[in-house]
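Following the hints, complete the assembly by docking chains B, C and D with the ligands onto the known chain A.
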Amino acid sequence: MARMTMIEALRSAMDVKLSDDPGVIVFGEDVGYFGGVFRCTAGLQAKYGEERVFDTPINESAIVGLAIGMAAHGMRPCVEIQFADYVYPAYDQITQEAARLRHRSNQQFTCPMVVRMPTGGGIFGGQTHSQSPEALFTHVAGLKVVIPSTPYDAKGLLIAAIEDPDPVIFLEPKRIYNGPFYGDHAGKSVPWSAHPAGEVPEDHYIVPLGRAAIRREGADLTILAYGTMVYVAERAVEQAGIDAEIIDLRTLLPLDLATIVASVEKTGRCVVLHEATRTSGFGAELIAEVQQACFWHLRAPLLRVTGWDAPYPHAQEWDYFPSVSRVVAALAKVMED
Amino acid sequence: MARMTMIEALRSAMDVKLSDDPGVIVFGEDVGYFGGVFRCTAGLQAKYGEERVFDTPINESAIVGLAIGMAAHGMRPCVEIQFADYVYPAYDQITQEAARLRHRSNQQFTCPMVVRMPTGGGIFGGQTHSQSPEALFTHVAGLKVVIPSTPYDAKGLLIAAIEDPDPVIFLEPKRIYNGPFYGDHAGKSVPWSAHPAGEVPEDHYIVPLGRAAIRREGADLTILAYGTMVYVAERAVEQAGIDAEIIDLRTLLPLDLATIVASVEKTGRCVVLHEATRTSGFGAELIAEVQQACFWHLRAPLLRVTGWDAPYPHAQEWDYFPSVSRVVAALAKVMED
Amino acid sequence: MSDAKLTFPHPPARPNQPVDFSNIVVPKAGLLPVPPLDLAPQDAQPFARGLIRVMDDTGTPVGPWAEYLGEMPADDLRKGLRDMLKMRAIDRRMQNAQRQGKTSFYMQSTGEEAIGCAFQRQLQQGDMNFPTYRQQILLVAADYPLEPMLGQLYSNDLDPLEGRQLPIMHSARDYGYFSVSGNLGTQYVQAVGWAMACALRGDGKIAAAWIGDGATASNDFHSAMLSASVYQPPVVLNIVNNQWAISTYTGVAAGKSETYAARALGYGVPALRVDGNDFLAVSAVSRWAIERARKGFGPVAIEWFTYRAAAHSSSDDPSAYRPKDEAQAWPLGDPVDRLKAHLIDRGEWSEERHVQAGAELLDEVTQVQKQVEAHGTLVNPQPASPTAIFNGVYADMPEHLRRQRQEMGY
Amino acid sequence: MSDAKLTFPHPPARPNQPVDFSNIVVPKAGLLPVPPLDLAPQDAQPFARGLIRVMDDTGTPVGPWAEYLGEMPADDLRKGLRDMLKMRAIDRRMQNAQRQGKTSFYMQSTGEEAIGCAFQRQLQQGDMNFPTYRQQILLVAADYPLEPMLGQLYSNDLDPLEGRQLPIMHSARDYGYFSVSGNLGTQYVQAVGWAMACALRGDGKIAAAWIGDGATASNDFHSAMLSASVYQPPVVLNIVNNQWAISTYTGVAAGKSETYAARALGYGVPALRVDGNDFLAVSAVSRWAIERARKGFGPVAIEWFTYRAAAHSSSDDPSAYRPKDEAQAWPLGDPVDRLKAHLIDRGEWSEERHVQAGAELLDEVTQVQKQVEAHGTLVNPQPASPTAIFNGVYADMPEHLRRQRQEMGY
Ligand SMILES: Cc1ncc(C[n+]2csc(CCOP(=O)(O)OP(=O)(O)O)c2C)c(N)n1
Ligand SMILES: Cc1ncc(C[n+]2csc(CCOP(=O)(O)OP(=O)(O)O)c2C)c(N)n1
Ligand SMILES: [Mg+2]
Ligand SMILES: [Mg+2]
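Just so you know, the sequences run in chain order A, B, C and D. 4 is the number of the first residue of the first sequence in our numbering; add one for each residue after it. 4 is the number of the first residue of the second sequence in our numbering; add one for each residue after it. 552 is the number of the first residue of the third sequence in our numbering; add one for each residue after it. 552 is the number of the first residue of the fourth sequence in our numbering; add one for each residue after it.
Just chain A, with the same shape it has in the complex (with noise of 0.2 Å):
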């Protein structure tokens, strides 16, 4: 099988669905000729045209705005906004549009749409291109939100956005598109090709949406992670000697509630990662959910560790961004109880 770093995994997803589904386009800022920042989208517009892979003008809501008069039309875009940070301008074409189109007509026009977006820190991006909007999307009823941690994920997950009928926001933790990062910035950067789950087939797979992967298995506490925060769970789970759970998201709305109460309800302790600032971030939504569900089963607080609520700095980057000795200290805490 091929090894792939996730942004080829992301490429050979729209590559795949390009290929096989006429209706599927692809356009966003510097995406057409020259591919994309992350070059997600490199070589597609050589390969399939401009009328299927093209650049626009920098403005997202147009973006977002055209692809859904053109799912409504019944193709399928999957689009691309530069950064996640830039999707403000796009909010209300997905949250009021996008989101309510198919409810609101009743089922007469959908909108079948994938938003793509790279998301997270770790790339010394400061304030403009490190946020972590997921709570922003998972708040809309008729979106549904996803985040891959692996190559084989980000393509599964993909084509599986693009067959979906209803608009999926697609976020890409970016700093895992070459490797898993394990909260260690000064260490050795890991490339794809060393990990297991950078084996990726060249064709057509999905991975449902909706459903959450346990990435290690544990008895004494369950880990809620999601993207980049999945391998800053691994390596403190490790140093923290603790026989964890680690569950891996990968879908946040529709949530897969059944497989973390399960979890929960074994182990009896939580705890939930996630960059984004703390306040009504999707943490909250998660604990709110597991203390309800698995109350009599918990025998310690739900801890979440988290961006600070502040704007996401530039230089104190590594104080921000929670590290690898705060999810230990969690950890303990936690066992503590």
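Everything labelled a hint here was simulated from the structure, so no lab data went into it. Incorrect hints may have been included.
To be verified - Chain D is faced by these chain A residues, among others (derived, beta-carbon under 10 Å): (1) Gly38; (2) Val40; (3) Pro316; (4) Met338; (5) Asp340.
Owing to the predicted nature of the structure, the values given are computational and were not obtained by experimental measurement. The beta-carbon is built from N, C-alpha and C at its ideal position, and this holds for glycine as well.
Here is chains B, C and D with the ligands on its own, set in the frame of chain A:
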């Protein structure tokens, strides 16, 4: 003392500030000559002139973008978004610009601005006149988020918001503009003149941001609510005959956690109410904080009674709105455990 | 200290002031030529700044656009007139029903009916309108049945949208009527996307975008104009300038722009400005614009110049912000009166037939209204089941919605 | 089946194709008149479609704009030339530092220096620029000290922003430089708001908004133009058209618009198009526009026509999307070379002095760079304390941030 509706109280707040601070300025769609579709600014243009109170084009990102520029210059704009449902075009300006200006410029530029907007349902407004977007703002560091439930608080909080050195999102529960609403849409409507909280001083006073109010003291259970849901809670408590403590949060960000925790430590039970869709609503944040702070005092899982995870419907409004009976059922359930 | 002073646009008259339309230039009918279908933006200046008019003061079609249009069959014109009268009957009956508390909300389109009415008749099956809330006439002219239309207005079990949407936010895919959004402007760019899909899939269809003068201020007016200019899809970008946006005078949306059509020119989108109360002018320019789009000559913007004669909505009272008699004084007259005069002039209509048609249509609407009201009104609501709330949020209902539906008791 | 086909704008040449600027019309210098300060939008067409140029091919100022400007003192021009050379020295040193891993990110402005440099010198103390990331020259021309400037670029303890912002996102209120946002377009309308505040408070100051050609596509370009047109505040709306937006050709942002200046005209904002590599033309038009704004004649837009000679940023390699030698072939030349030629022509400069000035400035920058690097680089970071994260989120730190700071260990 004068009796005022919430609309009159809000107008009085702006009147007081327009008269005592030449930097205060009020604008938005239809707010000038006509005085706003809800009449909150009626008479202010005639009194203070067009340079202080004026109409804008229908462009919410311009309304907020202009206000940011003025606030950075040193003025104190208090702008209106006609309905909270129309704030999304301004979401970029609010979250990426206003919220971060002080921080990113290391205090060289600041943004003392208030963005008022009618919020919530209960007026048969359908999906574009009923939304409660508070959680989309509480996730954003740098913002303050306020929602009054009485005319007295509305005036005092709005004056505090205008005087605050940072950007404040000021949500106005339009269902209770003219009187408290106890959840019975078919019943007789009560005017504010018949409610003690309709007593509002004509002059300057503030209700400080960041402090909750205990609307009813009780020993058995804590209800966390804000806006219209405060009254639904009151009625539900009467009906259920439970000695519940009702906390009106008033400011969601920053949150008065101390008052909440003191209450839940006392009661050991907590139900959270809001009109917004459930998933990733502000209730999730409340639960996440309360379960962590009060874990060892809790005698039952925390429950949420909220709008469903669907667009706000027109005809089925009262099936969507968190009703007294749903709240009663939740109270009973929490007391069972 | 400073020389800089802000300006604030004002309407010519406020309540209790005499009506004043002296600022409105009404050129003679028939002056402007018919440009070639491939009109370039640089050559469109006279069309964007002028006003295309076909009927002269006596109702006689004159000039190049009249020639282009040819003599329209009297039946077609009578159909148009009837549709406009039907729209007025609906407006009258529904405004009334709203006043009686039978529905929560209503919006009339009095004075603007010619625009959608004549435009719709130039479209083909499969073309798609992206209407605003004030374009119900497109449905009437497309012969959308009254039952679902009124059912939607009453949110009862005849409502094809099952009560989900505010009255007048229709959706009727088969009638070329895209689901109306309450958020202004958003659909303007979606229409451009739809038109791009038409071109990409080669289906020979076009899209028609609709926006009000006030909403041209919204960001997606810009994103739509720009996208249309860049990709050149088959879209007609309609701007209905009815002088008001709720209480706000059109000058606040226009600023120092000469016309809204001229604003489109800045994007390199050819644009024309048309007397929107002149049924023949609307027919002629619509035909030209739709043909241009369909033939692959790219987007075109049209500013329809008209006047919002009624209140903004059932929640609005315009006497608070403009003179009561402004509508009567509107220099472009009333679209129904003008078409009627033209037909009478042609010997194809009469005062008597007009009165009779009006009465018949009011009757028809009233009949249907009664039947539809029997299915429920706001006074006596019979909405679709509450479970409609959960249906169609997604194609397949996810677990958490299933749980919530259960929690609701279903 | 369908005649409608989409278009996709293309640059004249891609890598490995011969450079082709045949589409760029370069009118002779001195052709356009100087309009009155109260120029109306309707009369601005020739200025918005033409190109104001002052220096002829030999560097001699000619025509009405040259007269309007008068003979600029040689000292002022030498200061401008030195500032541009200093900017190039900074660009060179910092691009290098980035390559060495000493800073995470850098952006050059090669080829565009004349615009900000000459514009800044026409502003007064208290006027405010709302710059993009590519306007560092405004700081240099305002004599902003090198220490904080480089401190910001290294995010070390000399950084006035205490490491919060990405390199080149400066903020320097006292130097008329508004805090740069990474989100394109947003500040364009804020500048209009600031200018409104200037007028409302009567402080006699003006605002200058800056945007790139690519970012004219953003929604707030529209909201800014519209607001400026409606309220007529003292603002100069600068558009730096450097032909590229990262890898995207300017045609994708322009569509069928003739010029960006012409787009402003659609809003009723008078607009001019100027040779941005002609230091004298920039000086003259800046003086005119700033005076117009200050005198209360309202907003004005200026399209500065130039070329982004360097990569978009340190993360970009333009050889992937355009011919390598495009910059050299740019028909408007290089701003430094052109001003140098003019000064030499005037007998106020020489090749030797030029070489020497370049060397001196490089030296100065290198010296400061060394000192600043001693305060920390990305290789050896010495950022402000992590607590800077929590300071200034609000004026007063709320309880929950205090708790988080504690959790962090402070
Ligand atoms: C984004 C947004 N902002 C504000 C509103 C509230 N609103 C509804 S209609 C209207 C006026 C629209 O005027 P215009 O576009 O001229 O259309 P008309 O009503 O005249 O047909 C406003 C401000 C809205 N629906 N959406
Ligand atoms: C809202 C938003 N979308 C996308 C980006 C990513 N981005 C940064 S610079 C740039 C190109 C801007 O080009 P232009 O406006 O021409 O300015 P130039 O770089 O040429 O000076 C893009 C797309 C952004 N910063 N903000
Ligand atoms: Mg209007
Ligand atoms: Mg550029």
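For a quick check of understanding: which of the numbered hints are violated here, in increasing order? Violated hints (numbers, rising): 4, 5; every other hint is consistent with the structure.
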